Amino acid sequence: MAEDKIDTTREKILQVADKLFGRYGFYKTSMDEIAKIARKAKGSLYYHFKSKDELFKEVVALEIKNLKSQLTVIVNDKNLRADIKIKKYLIKRMEVLNSAANYHETLKADFFEHFSFIDNLRDELDIWEKAQIHKILQQGGDEGIFEKQNGETEALLDVFIMVLKGMEIPFFLQAKYNQYSPYFDELLKILIKGLS
Numbered sequence: 000m001a002e003d004k005i006d007t008t009r010e011k012i013l014q015v016a017d018k019l020f021g022r023y024g025f026y027k028t029s030m031d032e033i034a035k036i037a038r039k040a041k042g043s044l045y046y047h048f049k050s051k052d053e054l055f056k057e058v059v060a061l062e063i064k065n066l067k068s069q070l071t072v073i074v075n076d077k078n079l080r081a082d083i084k085i086k087k088y089l090i091k092r093m094e095v096l097n098s099a100a101n102y103h104e105t106l107k108a109d110f111f112e113h114f115s116f117i118d119n120l121r122d123e124l125d126i127w128e129k130a131q132i133h134k135i136l137q138q139g140g141d142e143g144i145f146e147k148q149n150g151e152t153e154a155l156l157d158v159f160i161m162v163l164k165g166m167e168i169p170f171f172l173q174a175k176y177n178q179y180s181p182y183f184d185e186l187l188k189i190l191i192k193g194l195s
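Mapping to numbering that gives the first Met the number 0: the sequence shown position 103 is 102, numbers consecutive.
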């Protein structure tokens, strides 16, 4: 019973922190505000999270976990051809990240004050994504849809990730996602043609 209450308290703190960090950003959100809105003692926050950095990292980790779970469904769908799969993957990726306000905060920080405590989360996401895209490219090669890779796979995957990250700045920080999302189909046709 006591363990359920601890889990509930932790979840409530994370929910409130997610909303406040998403609305006001990391620097303008205080642990005092989070405690007040969560209706928890400040000591309760520090019982679950050693610092504001740790709490923010956990909030971003949950956004990344959500992204991974939604993309995994696409990657593991045995009924999708690789060309359709890569298209769905990239569209879903942008959709999910568009609503991940705290992930956006980490992008902003790269230009101003770097959140080094988030680096390992982003590095892990890059490694995970490279593995997922590699699976799709291999499937496409096996299906004869994409050209089979001869040793340049690692470099291709690195460039692929760089391109994806390059799109994040205009889409999410410059708020151009809604402006460009109607053209995703055409852009992805170009990408898929290149992979073929």
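Keep in mind the hints are simulated off the structure, nothing from the lab.
Please note: incorrect hints may appear among the correct ones.
List time: in silico PhoX-like cross-link candidates among lysine-lysine, alpha-carbon distance up to 25 Å [stated by the list, open to error]:
no., residue 1, residue 2
1, 56, 77
2, 164, 134
3, 67, 41
4, 41, 91
5, 87, 51
6, 67, 27
7, 27, 41
8, 87, 11
It should be emphasised that the depicted structure is a prediction, and the values quoted were computed from it without experimental measurement.
Outcome of the hint check:
1. For the hint pairing residue 56 with residue 77, the CA-to-CA distance comes to about 34 Å; that exceeds 25 Å, so the pair is violated.
2. For the hint pairing residue 164 with residue 134, the CA-to-CA distance comes to about 19 Å; that is within 25 Å, so the pair holds.
3. Proximity of residue 67 to residue 41 is assessed by CA-CA distance (about 32 Å); at most 25 Å being required, the pair is judged violated.
4. Distance check on the hinted pair: residue 41 and residue 91 sit about 37 Å apart at the alpha-carbon level, beyond 25 Å; violated.
5. Taken as a hint, the residue 87 and residue 51 pair is broken in the structure, with Cα atoms around 35 Å apart against an allowance of 25 Å.
6. Only pairs whose Cα atoms come within 25 Å are accepted, and residue 67 paired with residue 27 is rejected, the gap being roughly 28 Å.
7. Annotation: proposed proximity of residue 27 to residue 41 holds, straight-line Cα distance about 17 Å (limit 25 Å).
8. Pair hint residue 87 plus residue 11 does not hold up; C-alpha atoms about 33 Å apart against a cutoff of 25 Å.
Checked against the numbered hints given earlier, this structure breaks hints 1, 3, 4, 5, 6 and 8; the rest are met.
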